[in-house]
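Residue numbers (this note's numbering), protein chains in the order written: chain A, 1102 to 1402; chain B, 7 to 322.
Do not take every clue at face value.
Claimed, not checked - Just some of the chain A residues that point at chain B, by a computed CB distance under 10 Å:
| id | residue |
| --- | --- |
| 1 | Y1130 |
| 2 | L1166 |
| 3 | A1192 |
| 4 | L1215 |
| 5 | E1216 |
| 6 | F1223 |
| 7 | L1229 |
| 8 | P1231 |
| 9 | R1279 |
| 10 | S1282 |
| 11 | V1341 |
| 12 | G1367 |
| 13 | Y1368 |
| 14 | S1372 |
| 15 | A1378 |
| 16 | L1382 |
Note that these hints are calculated values from the structure, not bench results. Note that CB positions come from ideal geometry on N, CA and C, so glycine has one too.
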Amino acid sequence: MSEFLQQVINGISLGSIYALIALGYTMIYGILRFINFAHGDVFMVGAFIGYFVAPHVISLTGGSLWIAAPIVLIVTMVGCSALGVTIEKLAYRPLRSRPKLTVLITAIGVSFFLEYGGQLVFGPDPKLFPTLIPSSSLINTQHVVIGTNSIVVILTAIVLMLLLRFIVYNTKMGTAMRAVSFDHRVASLMGINIDSVISFTFVLGSGLAAAASLLYASVYPSINPLMGIFPGLKAFVAAVLGGIGNLAGAALGGLIIGITETFVSGYISSSYRDAIAFAILILILLFKPSGILGRHDRDKV
Amino acid sequence: MRLHKSGLMLIAAIVTGFAISRFEHLINPYYYQVLIYIGINIILASSLNLINGFAGQFSLGHAGFMAVGAYTSAVVTSQLHFASSSMLNTAAFSLALLLGGIVAAIFGLLVGIPSLRLKGDYLAITTLGFGEIIRVIVQNLDFLGGARGFTGIPKLTNFVWVFSTVAIVILLVSNLINSTYGKSFLAVRDDELAAETIGISSTRVKVIAFVTGAFFAGVAGALYAHFVTYINPAQFSFLKSFEIVVMVIIGGMGSIFGVILSAILLTILPEMLRSVAQYRMVVYSLLLIVIMITRPRGLFVRTRTAKQSVALKTLR
């Protein structure tokens, strides 16, 4: 029972990280109708920005992590947002009216460019991510250990998701985003600047990926240029599971994937943890391709 | 008539292969290895071209089929005892190649069926997932050597085997595509809905594309395994799939000749650029982006004439 509880907590903490990445996938899909394969690699770049910025910020703030961590978070989010917008401008924008397959291949190209460019710039060997969250165990009974790590991860994720919800549902830009996602032609007729809405979506998505990367690197402190591949793919599965294009669905899907993965590696074998997400993806696409909360689109002539 | 001609070509190709193989020992072993890799890559790229280029089903799991073929054939040849007679060896290796291809084709069927409901991005990521699942399963199977790999595969692959297979694949793909049946592939690729309305079963087309493509990927895997004599799951990760996809895209999806050319080019180029090997993947990915933005139909494909593109525009 106690082991079960421990797994649930670890699963929720991992799941909320996946949820943050999945939100980026789902928003970009909602607006542009394509999978931004490079999203997982924006996440990776976030971890490296954190890796290089954190030591400086920590020494500037005199070693106080409670002040340093939020500053690192903001710097990383700004950095990744800039990267996301740049990718969209240079690689995706010229292809906006082209067939979907062209954009998909380009996205795969961007993804590999970031991964192998990262290997050239940062070196392929793993690096140790600095401690940003002061680690101590809050609750430590005989069997269950809840560290500050998991609590901070879960709380940060919740705060960011609420903030995102506020932006999407209660601001003018958010309304514009929803309008573009509903029908971009009509939205542009209503005077919405499609380009700026798309850029803004990339800012939000990449920013969330940046936050997720810091949380992920705080839990698994070994970072390398290929670290974004699997979290990225799993978060994508989470977005599909919840119903792609749906914000609440992405969060729900992230949690489900995180918990399932923790359970599989805890109770069956950790060597299957990377395959389980794909198995879920195939099952969901076979039985309910629109996802748990998604709506079904039919092809129209 | 066409079939007759292609049959002759096939025989000619195999005879030439045999003739060259007589002088095998004269060829520098390094060049020989590169030649074999070129052949294997042509098989892989041409078979993926059938799925991606002709049927328009973007697959990212080709290395998975290759792995299935490689491991199946390795198990077959390790179970059969090799006699000194080369006749028996030939028979056993043919069996291993065939079984490798068939088991890979069965996996192709397994991937093809769920993917019928999927398009574009979803299909790409599902096939990627399938490839990874195959890899993870192999990694966990002890009788296949797990992550340590499968050792002691007899070195049976040679010039004749590889280039006969290349000839068969190219002939099969080009004959298929020029047949009425093959035109239905192109119809499904260009507009699935329109193809359905004129009575083409898109389901059938997709499944046939997947099964045939997977079969030859399996054979290529088997040839590869019996050339390097040691295989492990990491050789068949989705990076390998990506490499094959790049060959198809640079050559031009749906161009038989372009894909062969790019398979040759992309095998030789990394060998020539060994000193700057760390830039290889960066160059590949940049090339992919630039080609997609400037020449989405491939490097070796003639761009449409002005008249053709006007015609296409009016059609839309």
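Cross-check of the supplied hints:
1. Interface restraint check for Y1130/A: the shortest CB-CB distance to chain B comes to about 8 Å, inside 10 Å, so the restraint holds.
2. Hint status for L1166/A: violated, given a least beta-carbon distance of 36 Å to chain B, over 10 Å.
3. The beta carbon of A1192/A is positioned within 10 Å of a beta carbon in chain B (closest approach about 6 Å), and the interface hint is therefore held.
4. Using the Cβ-Cβ criterion of 10 Å, the hint placing L1215/A at the interface with chain B is satisfied: the shortest such distance is roughly 8 Å.
5. Hint status for E1216/A relative to chain B: holds, with the closest Cβ pair at about 8 Å, below 10 Å.
6. At about 12 Å, the closest approach between the beta carbon of F1223/A and any beta carbon in chain B exceeds 10 Å, and the interface hint on this residue is violated.
7. Taking 10 Å as the C-beta contact cut-off toward chain B, the hint placing L1229/A at the interface is violated, the least distance being around 23 Å.
8. Using the Cβ-Cβ criterion of 10 Å, the hint placing P1231/A at the interface with chain B is not satisfied: the shortest such distance is roughly 27 Å.
9. Interface restraint check: R1279/A against chain B, minimum CB-CB distance 22 Å, threshold 10 Å, status violated.
10. The interface hint given for S1282/A is broken, as the beta carbon of that residue sits about 16 Å from the closest beta carbon of chain B, more than 10 Å.
11. A distance limit of 10 Å between C-beta atoms decides the matter here; for V1341/A the minimum to chain B is near 7 Å, and the interface restraint holds.
12. Using the Cβ-Cβ criterion of 10 Å, the hint placing G1367/A at the interface with chain B is not satisfied: the shortest such distance is roughly 17 Å.
13. Taking 10 Å as the C-beta cut-off, the interface hint given for Y1368/A is violated, the closest approach to chain B being about 15 Å.
14. Proximity of S1372/A to chain B holds as hinted, the smallest CB-CB distance being about 6 Å (cut-off 10 Å).
15. At a threshold of 10 Å, the smallest CB-CB gap from A1378/A to chain B is about 8 Å, leaving the interface hint in force.
16. Contact between L1382/A and chain B, as hinted, is supported at the beta carbon level, the nearest pair being about 5 Å apart and thus within 10 Å.
Of the hints listed earlier, those the structure fails to meet are numbers 2, 6, 7, 8, 9, 10, 12 and 13, in rising order.
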